[in-house]
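Chains as they are written, first to last, in our numbering: chain Z, 1 to 257; chain G, 1 to 382.
Honestly, the hints are just simulated from the structure, not real lab data. Nothing here was measured: the structure is a model prediction, and the numbers come from that model. Hints may contain errors.
Just a sample of chain Z residues kept apart from chain G, beta carbon distances all over 12 Å, derived [claimed, not checked]: (1) 9; (2) 47; (3) 120; (4) 230; (5) 243; (6) 251.
In silico DSBU-like cross-links for lysine-lysine, where the CA-CA straight-line distance does not exceed 30 Å [what the hints assert, rightly or not]: (7) Z:228 x Z:38; (8) G:246 x Z:146; (9) Z:123 x G:343; (10) Z:123 x G:246; (11) G:46 x Z:146.
Just a few of them, taken from the derived set where beta-carbon distance is under 8 Å, the chain Z residues facing chain G [unchecked claim]: (12) 128; (13) 167; (14) 240.
We treat Cβ as the ideally placed atom computed from N, Cα and C, and that holds for glycine.
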Amino acid sequence: MNHHTPAQDAPAVIEVHGLSNRFGSKVVHENLDLCVTKGSVIALVGGSGTGKTVLLNNLVLLRPPTTGTVRLLGQDTATLNLEQLQALQLRLGLMFQMGALFTSLSVLENVCLPLIEHTDLPKNLREELGMLKIRLAGLPADAAHKRPNELSGGMVKRAALARALALDPEILFLDEPTSGLDPVGARAFDALVNELRDLLGITVFQITHDLDSILHGVDKVAFLARKKVLAFAPAAELMQSKEPELVEYFNTRPTQE
Amino acid sequence: MHRKPSTAAATRTPALLTWQAETGVLLASGDWDARGGGDLAERLDKLLSIVPKKSHVQLNTQQVSHMDTAGALLVLQVRDLLQARGATLDQSALSDDQQELIELVQRVGELTPPAEPPRLNPLQNIGKTTLDVLSNAYDTLVFLGEVITRTLPLLLQPWRLRWREIVNEIQAAGSRSVPIVALLTFLIGVVIAYQSGVTMQQYGATVFLPDMIGIITLREMAPLITAIVVAGRTGSSYAAAIGTMKVTQEVDALRSLAISPIEMLVIPRVLALTVALPLLTVMAMAMGLYGGVLIAYEMFNLDINVALTRLSALPHSHFWVGIVKAPVFALVIAMIGCHEGMKVRGSAADVGRSTTSSVVQAIFWVILIDAVFAVTFSKLGL
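Using the sequences plus the hints, can you model the full thing?
Shown next as structure tokens:
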């Protein structure tokens, strides 16, 4: 598999400028900047309570930031009307931490739901497309008719990934995709994400605590601390950093190397 | 059966495919993706029927603005349809990215969804339903047994009861239901007095109005209306609260901490409702009598002293017949609500189903038991 690092001159797909999030008097982010280029795999990292999920919710248009601009795929999200926002949302895929699969639908129905709602593809093509995403996400074909409560934790993650991929998103957001997976499953998931990036040319933005993912599975790491992105560089560089938060984060975790 | 796609799809240029007979080229254009390809996918069969059989067709995708996996699937469908006609599709003019995408789709292999698990035939259905009913009845008995065996020892050692939970539940089920129960029973007292008063007036029998209001309200109306309101309001909330705790694994957490969920969640609610419902019923009786006598006095000019005298001359058994039903209704409502909650397995939809089922079952049993009481009391001559 050709593991190509994205070219430096690739266009930016996520541009965040001067973003702040406040809840009452509590400031979560202040003047945060971030720029992600097309085709890269990014990890968003930070201690508990640094607002990783809040930032992710800003980026996937589930919660507008208090102030600041978020440009996705070249569009300023603050200036878009409802229809344009919806159209933009269809170009983003989001995989929730707990899967958030619809429990009353089978896996295939879960994956096909966005296709039913947002395309006019005939049923056979929809189902083939749904099966394609299920197989791409690494699920066996016979999982298609299972209900979410019949799936193991790892299969729920894969089914959630398949649903996030349903409309071939240009940016794929993953909230702790490997948490709760065994190490072998977690590495396989990383490999899968990288393969999808290579094959479909998508940009991947994931929250993760998995040090192996951070070290080997992603191109760059965005480290959240002091209410902003303190560092944005490949993991190897971050490990050389002398910033106290980074030293603490990387040195208190057992590495397998 | 064509559903309207969302407005967001309107921004796409539909995928097109045109056959150029003179050059043997299929010219593709537009957005060959999930949102642009629907129309083309519907017409593909017809469109390709004009391509001559056993020809060699070149696919030109230079004008395709965007292709995703749905587009790649479409290309493969074009290939398959042509092959079925004995024609071949030359995909060499596709861009590298498009080739890679098609390869990806082909690499995954078989995409037809596996057959859905076969539906049960009628005989199997009967069998399954029977087993379900039996196992449901068994579960209910187990639940009932567990609650009873855990409650009785606690009642003999009342200091071990969870008084704080019980008091909280009495407040939630009792005091907070006061306004709605009071209003409804008052209104029903008014309606009964008014409707029957009109007929009684024709016979000059309005003096018996208080007797009639008293008997109906005390024996039937107050206990029944209160129980039905409480089944809808409190029984459902028990099912929803415990059901949600099952979904979020809170019930399992209690078990893992060696705390019996029956003792923690079910018994306080059952005991609380057994206390609260009779109290509410007494209030409902008072409000019903008040509404009825008010109408007798206001609309039918019955002297208030006469009305009160006639009311107090009623045998006390009417009150006791009514009030004795309330704790029974309370047990039934609370047990059904809690049991439905405990029956939830895993999914959010289950909580909704259980909540609905708890209300339907509770009201059904309340009315059935009321009928049994009515027959029993009349046989006993009470």
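Against the structure, the hints:
1. Under the 12 Å C-beta cut-off, the non-interface status given to residue 9 of chain Z relative to chain G holds; the minimum distance is some 18 Å.
2. Chain G leaves residue 47 of chain Z outside its interface by the beta-carbon criterion, the shortest separation being 26 Å against a cut-off of 12 Å.
3. Residue placement check: residue 120 of chain Z does not keep its beta carbon more than 12 Å from all beta carbons of chain G (closest about 3 Å).
4. No Cβ of chain G approaches the Cβ of residue 230 of chain Z within 12 Å, the least distance being about 35 Å, so the stated non-interface status holds.
5. Every C-beta of chain G lies more than 12 Å from that of residue 243 of chain Z, the closest at about 38 Å, which supports listing it as non-interface.
6. Separation of residue 251 of chain Z from chain G is adequate, the least Cβ-Cβ distance of about 34 Å exceeding the 12 Å criterion.
7. For the suggested pair residue 228 of chain Z and residue 38 of chain Z, the alpha carbons sit about 22 Å apart, so the restraint of at most 30 Å is met.
8. For the suggested pair residue 246 of chain G and residue 146 of chain Z, the alpha carbons sit about 21 Å apart, so the restraint of at most 30 Å is met.
9. At most 30 Å may separate the alpha-carbon atoms for a hinted pair to count; residue 123 of chain Z and residue 343 of chain G exceed this at roughly 36 Å.
10. Between residue 123 of chain Z and residue 246 of chain G the CA atoms are separated by roughly 36 Å; this puts the pair beyond 30 Å, and the hint is violated.
11. With a C-alpha separation of about 35 Å, the suggested pairing of residue 46 of chain G with residue 146 of chain Z is violated against the 30 Å cut-off.
12. Hint status for residue 128 of chain Z: holds, given a least beta-carbon distance of 4 Å to chain G, under 8 Å.
13. Checking residue 167 of chain Z against chain G by beta carbon gives a least distance of about 5 Å; that is within 8 Å, so the hint holds.
14. For residue 240 of chain Z, the shortest C-beta to C-beta distance to chain G is roughly 36 Å, which exceeds 8 Å, and the interface hint is violated.
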